[in-house]
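Go ahead and model the full structure; you've got the sequences and the hints to work with.
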Amino acid sequence: MVGMGSWCFHMTLKYEMQLLDELPMIYSCCIFVYCMFECFKMKNSVNYHLLFILVLFSLIVTTVYLKVKEPVFHQVIRHLQKRAKCCLFNSMASPRVMYGMLVFTLVLRSIYIVTWVYPWLRGLGYTSLGIFLMGFLLWNIDNIFCDSLRNFRKKVPPVIGVATQFHAWWHILTGLGSYLHILFSLYTRTLYLRYRPKVKFLFGIWPVILFEPLRKH
69 MVGMGSWCFH
79 MTLKYEMQLL
89 DELPMIYSCC
99 IFVYCMFECF
109 KMKNSVNYHL
119 LFILVLFSLI
129 VTTVYLKVKE
139 PVFHQVIRHL
149 QKRAKCCLFN
159 SMASPRVMYG
169 MLVFTLVLRS
179 IYIVTWVYPW
189 LRGLGYTSLG
199 IFLMGFLLWN
209 IDNIFCDSLR
219 NFRKKVPPVI
229 GVATQFHAWW
239 HILTGLGSYL
249 HILFSLYTRT
259 LYLRYRPKVK
269 FLFGIWPVIL
279 FEPLRKH
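Take 69 as the starting number for the sequence shown in my numbering and just add one per residue.
Please keep in mind that the hints were generated in silico from the structure rather than gathered at the bench. Some hints here could point you the wrong way.
Derived EDC-like pairs (lysine to aspartate or glutamate); straight-line CA-CA distance at most 20 Å [as the list claims (entries may be wrong)]:
no.: 1; residue 1: 268; residue 2: 280
no.: 2; residue 1: 222; residue 2: 210
no.: 3; residue 1: 111; residue 2: 280
no.: 4; residue 1: 135; residue 2: 90
no.: 5; residue 1: 223; residue 2: 210
no.: 6; residue 1: 135; residue 2: 210
no.: 7; residue 1: 266; residue 2: 280
no.: 8; residue 1: 135; residue 2: 84
Note that the structure is predicted; figures quoted are calculated from it, not measured.
What follows is the structure in structure tokens.
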């Protein structure tokens with residue numbers, strides 16, 4: 069859903085398609101948050117309080133997107149940007165602020181798990197976070213130095229120019245980072261449920277999770 073929405077938005081650059089791009093990101097991230105905070109619960113248990121909070125958050129974000137295209141905090145940031153004349157605020161004015169709140173929550177929860185619960189998962193956990201944050205960094209560089217990068221691409225061979233399409237790298241790295249974080253979540257949950265998860269690499273490259281139930285004696 070996120071991929072299809074992103075494709076439609078980049079193809080049309082219409083606000084309606086932007087909603088199809090960004091709102092599924094909010095919804096899927098809410099699902100991630102629920103899974104990460106419930107990974108140490110028994111089967112068939114439901115945390116209705118957390119579920120209510122996340123559903124309410126999703127509804128509020130959706131309402132803001134549909135009714136208020138320019139939320140107040142966006143207007144304030146743009147006002148500061150005009151007064152300070154600093155292009156750094158352009159990236160801060162993105163509607164992904166709400167998405168960033170969810171991602172920050174996931175980061176804190178992941179750090180807690182690899183620090184206090186399953187320290188041997190640090191490699192997978194930090195790799196997923198590192199790749200995602202690298203994509204986020206390149207996305208901001210592309211926003212802030214967009215004009216300079218365009219001028220640079222005119223002076224260099226096409227191959228180098230393509231390599232500096234940091235917005236494209238943002239999509240690639242965040243997609244890969246999200247996939248690795250899904251593996252991290254699956255590993256954490258199945259390990260708690262007394263399964264025996266293992267990370268395997270298809271063709272020696274692509275990581276997947278394989279697990280089997282604990283044998284009964």
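Item checked: Satisfaction of hint between residue 210 and residue 222, Cα-Cα up to 20 Å -> holds, 16 Å
Check: Within 20 Å, alpha carbon to alpha carbon, are residue 135 and residue 90?
Finding: holds, 15 Å
Next item on the list: Quickly compare the C-alpha distance for residue 268 and residue 280 to 20 Å and report which way the hint goes.
Entry: Status holds; Cα separation ~13 Å.
Margin query: Against the 20 Å threshold, does the CA-CA distance of residue 266 and residue 280 hold or violate the hint?
Written below: holds, 9 Å
Margin query: With the threshold set at 20 Å, check whether the alpha-carbon distance from residue 135 to residue 84 stays at or below it.
Written below: Holds, at roughly 12 Å.
Note to self: Need the status of pair residue 111, residue 280: alpha-carbon distance at most 20 Å?
What the structure shows: Judged against 20 Å, a Cα distance of about 16 Å means the pair holds.
Notebook entry, point to check: For the pair supplied as a hint, residue 135 and residue 210, is the alpha-carbon distance within the 20 Å limit?
Noted result: violated, 29 Å
Check: Is the Cα-Cα distance between residue 223 and residue 210 20 Å or less?
Finding: holds, 17 Å
In terms of the numbered hints stated before, the structure departs from hint 6 and from no other.
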